[in-house]
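The chain contents come next:
Protein chains: 2
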Amino acid sequence: MAPGPSVPAAEIDRRRHCIQAALQQKGIDGLFIVQRVDLYYFSGTAQSGFLYMPAEGDPLLFVRRYAPRARRESPIRQLFPIDSVKAVPGLIREALGCLPGVVGFELDVMPVREFRFFRALFPAAEHVDAAPLILNCRMLKSAWEIARIEETADVSARTFRYMQSVISTGMTEIAFAAAFEAYARQRGHGGGLRVRDYRTEGYPWHVLSGPSGGMVGLLDSPASGEGTSAAFPCGAGPRPLQAHEPIMVDFGSVCNGYHMDETRMFAIRSMPEPAYSASRAAIAIHDRVLDRVRPGVRMAELFDCATAAAEACGEAQNFLGPPGHKVNFIGHGVGLELVEPPFIARGHSQRLQPGMTIALEPKIVYKDQFSAGIESVFQVTVSGARLISKTPVDIFVC
Amino acid sequence: MAPGPSVPAAEIDRRRHCIQAALQQKGIDGLFIVQRVDLYYFSGTAQSGFLYMPAEGDPLLFVRRYAPRARRESPIRQLFPIDSVKAVPGLIREALGCLPGVVGFELDVMPVREFRFFRALFPAAEHVDAAPLILNCRMLKSAWEIARIEETADVSARTFRYMQSVISTGMTEIAFAAAFEAYARQRGHGGGLRVRDYRTEGYPWHVLSGPSGGMVGLLDSPASGEGTSAAFPCGAGPRPLQAHEPIMVDFGSVCNGYHMDETRMFAIRSMPEPAYSASRAAIAIHDRVLDRVRPGVRMAELFDCATAAAEACGEAQNFLGPPGHKVNFIGHGVGLELVEPPFIARGHSQRLQPGMTIALEPKIVYKDQFSAGIESVFQVTVSGARLISKTPVDIFVC
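Protein chains in written order, with my numbering: chain A, 263 to 660; chain B, 263 to 660.
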């Protein structure tokens, strides 16, 4: 495993132009970027610090720890080592000639206490939420970014092959997950999945065997599984895998900051009915939705296409969760965060655009019995969908 | 691995009385508890939802997903399944007779956008930061909680024994970490470490070998290591372990929601100077601080005791980081989060109290060369310190 490539200067320039155009359009004079993923996206470094992005001109990178590494990693040339954030207004005034009148923040993630601290540094300014502008830029991936996601897809596909070689009866869900995660880690998977919401926990061990797959729970996902305790009540649990039962593996992985998210159904010896039919139905729905992908198509249309396909397969009742516990989406963007815009969701009027990278995950849950499903990541191209996932779209009976 | 015990009703009652006394003292009528760890602490369930804790009377548990599981896990009897948070003010008025005049929130973690939503639900109220009250309750552990941390300490100690059996030359830092994490997971370690700050990422793979240990970085920790990429620039990296070099393993683990945090020095074949002396010095500092622990002693006094001991060992220059990059603490609380109050930090006037559980981690960093250090978790008793850690306080030459 070689260390990943650093973010090219041209890539950082492209991102800067994207966000500066949005800031100008919204009349925001400057934007503080403090969340680690956003900081890495716009600067190329994830060292401790933050970025000030003016609507015009060069961004300023403020680094608490560790400036020499940030300097090596980031193409941004205006880099200021700082001990205290209180020095920042003075440095901005010095570099840009004035303080901003309207300042943007990532108000979807910035805690109130920190926001009040920043606000006090710019008492005369208006403070607005600029998180949607950031997420809009991040939503459309460049060729360089898609190449990164492809690398993660390679590791994910190799890991799914490895799963087929080690899955066995008596192994617990947790032991199976621990084994394939260790394999993936040695091939570049970084271990820690990133999610934006402070109450959401991303993890790579979503193994739900037999009735574990029928457990509804806290996740905004069709099934949550048992988990390891009431304190962490989702994902793999202590249940031993058995032959002749459906086993769902939803494996999120990350290399060089870019995520993949794939789900496949496994069975040892054979997959019984009705799980086999439900698993085939999920693949049919998946393929039907992919066929419909074109730039300009609305998310709601893809969602409705999926529900119609589930109906046609006779799986409408348990599609996206058992009655009373359904989720309202079949896909989500994937990139520097495991879950990010866009969302293929009921009623969403947003349209597909080339450069979107989306995890498509039609799932079917028979309550207290099992989950069935599939998940692939695809890229929206100028003419349709291209699978980034390299794992065969199939059911693995081992 | 058996599923963990659920939180006893007496424990939930004790916690409720602790926070209600604090609310009454501060004149706060009620507190919204939304962060997952705080919710689990006060309710016994981590299902999706939140808790409303009035200053007097029974708390109300609102559950989005999944009410039947929350009902099984939580001793709280006033449980309301909800689809929308907008229903909450009406339910509070119905249950308690009136709406609160002063409402507390966890403003250290709650994002601005979410806070504004909640605030609009209670437009006539005053909205205050109640996070410190919550963390103060959580800081003092009951016998039940200490028993949970002891269970995690067992898994951690077994994992450190396992590390000694598998460490070998040529294995990368990542591969070594992946191996011992897989071992720990099968014995109850949950995999995902919890930290409170949205920009901090807890992870169990902090393996820093030779010069990796001399890499200063983004962490508020004496050394950060290389990590897997610029996107995740800390912890284990691709460097192969070598014989005759110092290897620091800082392993955070979690069982049933309760964390442990232990560091030991390893070497293959032999540990060279000056790393051996620095590792012995860290142990000497650790023992000196433990000897000084008594209820009533101030944190600053322990910190000063450590720096004096480092001076006496001839390690003052590199203690807590190389010159110019030192951190200002030698210990932090451990519990439902990996890092929580109290902090044994420079100048802190807080006093030790029985029931505190603290990770003590004196570390010494020779820049670009290596890290040396040790970390144990101890409990403050009525008469001194009792080690919860069961891993021998030693250097492991394998």
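Honestly, I wouldn't trust all of these hints.
Heads up, the list lumps identical chains together, so a pair's fine if it works in one copy or across two of them.
[Stated by the list, open to error] With a Cα cut of at most 30 Å, we get these calculated DSBU-like pairs of lysine-lysine:
hint, residue 1, residue 2
1, K588, K348
2, K652, K288
3, K629, K588
4, K348, K629
5, K652, K348
6, K588, K652
7, K629, K288
Everything labelled a hint here was simulated from the structure, so no lab data went into it.
Hint numbers not upheld by this structure, sorted from lowest to highest:
2, 5, 7
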